[in-house]
Amino acid sequence: MTTPYQQPPQPQTPQQSPQWQGGPSAGYTSPIPVRRAHLGDALASEWTKLRSVRSTMWTLGVMIVLMLGIGLLTALVISTVSSEPEIPSGQEVLSLGFFGVLLGSMCVITLGVLTIASEYGTGMIRTTLTACPSRGRVLVAKSLVFFLLVFVISMVITMTVSALQLSILGAQSPDGGAWLRATAGVSLYLATLGLLSLAIGTLIRHSAGAITIMIGVVLLPLVLAMFMFSDSLTALREFMFDYSIPNQMAAFYSDSIRVSGPSGWEPLWILLGVTAVAMVAAFFSLDKRDV
Amino acid sequence: MIEVHGLTKRFGRTVAVDQLSFQVRPGVVTGFLGPNGAGKSTTMRMMLDLDNPTSGSVRIDGRHYRELAEPLKHIGALLEARAMHGGRTAYNNLLCLAQSNRIPASRVTEVLDMVGLSAVAKKKPKGFSLGMGQRLGIASALLGDPEILMFDEPVNGLDPEGIHWVRNLMKALAREGRTVFVSSHLMSEMALTADHLIVIGQGRLLANTSMADFIQENSRSYARLRSPERARLEEALRDEGFTVVEAEGGLLEVDGASTEELGELAARHGIVLHELSSERASLEEAFMRMTAESVEYHAHAGPRWGMDQPGEDRRGEGV
Ligand SMILES: Nc1ncnc2c1ncn2[C@@H]1O[C@H](COP(=O)(O)OP(=O)(O)OP(=O)(O)O)[C@@H](O)[C@H]1O
Ligand SMILES: [Mg+2]
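Order-wise, the sequence lines are chains G and W. All residue numbers for the first sequence refer to our numbering, where the first residue is 1 and numbers rise by one. All residue numbers for the second sequence refer to our numbering, where the first residue is 292 and numbers rise by one.
Hints may contain errors.
Said to hold, decoys possible - Some but not every residue of chain G turned toward chain W, in silico, with C-beta under 7 Å:
#  : residue
1  : Tyr-28
2  : Ser-30
3  : Ala-37
4  : Asp-41
5  : Ser-45
6  : Thr-48
7  : Lys-49
8  : Arg-54
9  : Thr-56
10 : Val-62
11 : Met-124
12 : Thr-127
13 : Ser-285
14 : Asp-290
15 : Val-291
The set of hints was computed from the structure by calculation and includes no laboratory data. Where is the CB? At the ideal position from N, CA and C, for every residue including glycine.
Let the hints inform the model, and build the full structure from the sequences given.
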C-alpha cells in the first residue's frame, strides 16, 4: 500500500465535486499479501458454492437417474417385446434417449435457476457482491461453471446411454453426424437451456417463480398447440408445435431434413440466440437494480 | 477511511437517507446511531455498493467500491440480515468468499477460530442460533483482515459474554489503526464502545461529534426532591429563581442546582423533605430527546394494553 494516491475517475461526476481525502490509508496494513483477484478466482469460488450445497447433488443425481433409467428401460422393453428379427436402425435406437433427456431437462432448469435465485433467497447475494463487486464477473463465473458442469455430465450420460441402447438392441452404429448430434448436440442444448434458466433466475430473483416460468416455457407451447382446434389458428399452431422446446430437442435425433421446424443443429443456434438476449437482460438487471 | 458525500436514497416516496455527509476515520470506533427505520442499514448497503444512491456518493479510501479488486481486503462487513447460505457449511460459506478474493484457505480456519465457531465449522448455518449466525457474519467480515470494518447491529442476539467479546473486539480493531463503523439503536451500548458518534433520524444527520463532547453536552444533571408539602416547596423554589419540573410520582426536578443549596433552602422555609438526591440524565434520554421528532415508529403504550411499557417499539399501526 505504498502507491501514491491518485484522484480516481468518478463514475457520476457531481456538480460540486467533493474533496475526497482518503487515499490508501496510513491506518492499518494487513500482513496478508495482496494479489489481484481475477475471473479465475471467481470461478474457483463459484465451483465451491456449487459443489457444497445439497440441491446440486439432488438435481444432478435425479437427472442422471432419469436419463440412464428411462434410456435403458425403453431399450430393454423394446428388446423383449419385439421378438421379430427386424433390427431397428441405429438412428431409431438413438432417439430412444429423447424422453430421458426431456425429463432430465427439468432438473437442469431447476439447478440453473437455483444457482442464482437461491442466493437471493438466503441473502448470500449481498455477501457475494460485496466480495466481488463486478456484476459481470459474478455472472460470467456462475454461468461458466454451471454450463461446463451440466455439459460434461450430460455428455457422459448421453454417450453411455446411446452405447448401451445400441448393444442391447443389437443395432448397427449410426453415422458420426447422428452420434454427434445425439450426444454433444443434446448436451450443449441442455446446458444452454440451463443457462437460460440461470438468466431468468437472475431476472426474477425468486426460485419457485423462475422455475415455474421455465417449465412453462418448455411445456406450454406444445400443450397449447394441442388444444388449438380452430382452423384459423393452424399456422400459429404449427409454428408453436415446431418451435416448442421438446420438438427442438427431438430434432437432434432425426436424420432427415424436416419439412417444417428446425432440424439438424438449428435448435441449438435458436436457443443460443434466445439465451444471449436473456443473459444481456440479466446482466443489466444485476448491474442496475438494488440488491 | 470512509467518506460519504450528499448521500440520498429514495424508495418510492419514502426518503430513507437524506443528504448525508460525514467521514469515518481510522483508529477509532465510530458509532452510527438512529432509531428504527432511520436509514442506518440503507446507508451501509450504499457504502458497499449494494444499493444505488439516488444521489451523492461514497468513497472507500478514496476509491469507488467497484474499483476495489479484492474488496474483502479493504473492507469487511457484517450485514443486518443473515447473508449466508443456510445449506452450506460454515467453512464452505467462508471458503467461497475467500477464494473470490485470493485469500488463502488457512485464513478461513483462523477466523472461525477467532469467533469461536471452530467446533461447528462443518455444520450448516441453518441450524445456528441467532448469536452463532452473528458470529459467522463477524468471521466473514474479518476474513480479509481488512483496514475498514463495518458492523450492522453486531450485538443483536448475542449473550452477555458475546456482547462483551464484540465490544472488546471492536476496540482492539480500532486500536490497531483500523476504521471501525458500528450501527446500533442503543445509546448505552455505544457509550461503552464508541469514540465518535454519528446520529441520524429519518435519514438526516442529527449529530456528528466525539463521544466525550456528546456526553458533556447532553448529560443534564439535576436534583430530585420529594416532600409531603409539595405545593409549598414548589412555590419556595420558584421564588428563589429555580426552574422546577414536576415529575412522575409527586417528584420535583430542579435543573442545575446542588443538593446542598436545596437542602438549606428547605430548612430555611421549614419544609419537610422525604427525598433529596442528585441525578444525571442518561445518554439514552439525551438520544431519545434528540431523535424525538424523527422517530418513525412510536410505541403506543395506551390504555388498550392497560400497561405502561414505554420504549418498546411496535412497527406500524393496528398491532
Ligand atoms: N428495499 C426497500 N424498499 C423500500 N423501502 C425500504 C427498503 N429498505 C429500507 N426501506 C425503508 O427505508 C427506511 C430506512 O430503513 P433502514 O432499514 O435503513 O433503517 P435502519 O436504521 O437500519 O432501522 P433498524 O434500526 O430498524 O434496523 C425505512 O423507512 C424502510 O422502510
Ligand atoms: Mg437496520
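Verification of the hints:
no., hint, verdict
1, Tyr-28, "holds (4 Å)"
2, Ser-30, "holds (4 Å)"
3, Ala-37, "holds (5 Å)"
4, Asp-41, "holds (5 Å)"
5, Ser-45, "holds (4 Å)"
6, Thr-48, "holds (4 Å)"
7, Lys-49, "holds (5 Å)"
8, Arg-54, "holds (6 Å)"
9, Thr-56, "violated (10 Å)"
10, Val-62, "violated (17 Å)"
11, Met-124, "holds (5 Å)"
12, Thr-127, "holds (4 Å)"
13, Ser-285, "violated (13 Å)"
14, Asp-290, "holds (4 Å)"
15, Val-291, "holds (4 Å)"
Violated hints, in rising order: 9, 10, 13; the structure is consistent with all others.
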